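Peer 1: Could you fit the two chains together into a complex? Lean on the hints.
Residues per chain, in single letters:
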Amino acid sequence: MTLLLWLEALALLACAVLSGLGAGLYPPEVAVGERTASPLAVRVGLGALTAVFLAASGIVMALAVRRTGLQRALALSGPKGLILIAPRTVTQLVVGLLAEELGGTPFQVRLLSKGKALALRVSLRLPEEASIPSLAERLQDLLATEVARRTGLEVQEVQVLVHGATVRG
Amino acid sequence: MKAERASRPHRPEEPEEEAGKISVAKEVIATIAGLAAAEVPGVYSPKGDPLPHGSAVQRYVHTELLGGRVRIALSVGVSYGRVLPEVAQELQEKVKTEVERLTTLPVEAVDVEVVGIVEPEGRA
Numbered sequence: 000m001t002l003l004l005w006l007e008a009l010a011l012l013a014c015a016v017l018s019g020l021g022a023g024l025y026p027p028e029v030a031v032g033e034r035t036a037s038p039l040a041v042r043v044g045l046g047a048l049t050a051v052f053l054a055a056s057g058i059v060m061a062l063a064v065r066r067t068g069l070q071r072a073l074a075l076s077g078p079k080g081l082i083l084i085a086p087r088t089v090t091q092l093v094v095g096l097l098a099e100e101l102g103g104t105p106f107q108v109r110l111l112s113k114g115k116a117l118a119l120r121v122s123l124r125l126p127e128e129a130s131i132p133s134l135a136e137r138l139q140d141l142l143a144t145e146v147a148r149r150t151g152l153e154v155q156e157v158q159v160l161v162h163g164a165t166v167r168g
Numbered sequence: 000m001k002a003e004r005a006s007r008p009h010r011p012e013e014p015e016e017e018a019g020k021i022s023v024a025k026e027v028i029a030t031i032a033g034l035a036a037a038e039v040p041g042v043y044s045p046k047g048d049p050l051p052h053g054s055a056v057q058r059y060v061h062t063e064l065l066g067g068r069v070r071i072a073l074s075v076g077v078s079y080g081r082v083l084p085e086v087a088q089e090l091q092e093k094v095k096t097e098v099e100r101l102t103t104l105p106v107e108a109v110d111v112e113v114v115g116i117v118e119p120e121g122r123a
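Residue numbers (numbering that gives the first Met the number 0), protein chains in the order written: chain A, 0 to 168; chain B, 0 to 123.
Looking at chain B on its own, in the form it has when it is part of the complex (with noise of 0.2 Å):
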């Protein structure tokens, strides 16, 4: 049943329950994963803006499910002076654990990008 799952991977995900199975979209969880990398300090679009809520966040994080297990990868801009591996290992944290509460999917990895240095107001 998982070595199926994992051939067909855009098909949602579907953690095995006693009553029946419950089945988490891709979409889903790039949302999920969106919302929790907003919350982190200093961590902004690749553009520089905040990141945006709900699906719009998706273009910014990528899904991969292999095998029953998700691997995310993220591109984020991090506020100048910050130590970005610092951030970013608070990123994966919080996502991997936001992830895996609130869909019950085990996160392999979460793989972060950082494209850019985002300025912050007032600063010339």
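Isolated chain A, as found in the complex (with noise of 0.2 Å):
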């Protein structure tokens, strides 16, 4: 999965380059049957292609970056061979444990890579009557220690990220 994503962005990267060579070798006029192709407009044209190309390129490149760090995060080597944690299996792991602390809060989680460790960045809503500092404080020890624990993997950090609060009424 992640070597298609590498793969991907050097093809994106690759078209960015010869649509850049065809913007820069474009001849200055070219007679498409009787009319003629304005060079300006066509290099233009190619112009735009190239940024979009560029731009396709670094994101599947941020992308791939992102999930190889991930995936050195979640590897752990054994006596008897490797144990790989999909990231999406350490998701339902922390969902799992905020759906039993926050019972019907709604709640976002993303995973991050901080060398060869992994952090957690949760985004929530407020619930109700709940105060942000011990509410973050209890999130942060439940979800470091827990994830370690039934992952094994190093848990570096735990961000929560407040965005809103539930009102009553």
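It should be emphasised that the hints constitute simulated quantities derived from the structure, not laboratory data.
Only a predicted model underlies this, so the values are computations on that prediction, with no experimental measurement involved.
Wrong hints could be hidden among the right ones.
Unchecked claim - If we take Cβ atoms under 10 Å as the criterion, some of the chain B residues that face chain A in the derived model are:
| id | residue |
| --- | --- |
| 1 | G76 |
| 2 | E85 |
| 3 | E107 |
Glycine included, each C-beta is placed from N, C-alpha and C at the ideal position.
Peer 2: So this is what it looks like as structure tokens:
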């Protein structure tokens, strides 16, 4: 999967180079049938295409870098072989723990890598009558301890982002 | 002989016996590994079903033969609440033991990828 992302990024980069070369080397005037295409318009078009390919390549490469880092953070080596934990598995585990802790409060989870360790980012709305510091501390303790215990992975950081509050009525 | 076998990994592996040769196909190794995995508590298919018996389990097991040694990779789901490295280590031990016992081929490594958490029945 990660290899495919890298290949996709390289293919997009190759397309950007080709369209960039096309824009740079386009001849001053080209006859298309009885009409002549405006070289400036073609160059602008190819330049825009180059920018689009470059942007897409950058986005896919960033995704590939993130996934490669995560894969490193989610691998354990043992005497009888590797133990790999898929990002989806950790997300499911975090979702299960948060669902038990928060009940019906909606939340979102994102996995990040910090070197060879794992970082978690949880964003949620503040439940009714909860205080932000105590909730954040409780969630940080719970996730850091339980995810490390159940996966054997090093959890270096748990970021809690409160982006709203639930108000009664 | 061993190098020749290593260069043709799709050929059945052949542990040498005094009275002749016994060939074990990769598919057989995968089936044995899958059956052994199914006996480990908390281990499911990546879709959350119990691991299938017979050749259907081969889709979750990848085997490689390198220089007469076997390398096995399994993709599994593990039930919620279990400690993943403990389950994975138990799985590695069980698969290695069973494959070595039933085929007499040395198992170099058993790589386990936990691709999902399986919710136990009755848990919301």
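Peer 1: Against each hint, give a clear statement of whether it holds in the structure.
Peer 2: Structure-based check of all given hints:
no.	hint	verdict
1	G76	8 Å, holds
2	E85	8 Å, holds
3	E107	8 Å, holds
When each numbered hint is compared with the structure, no violation occurs for any of them.
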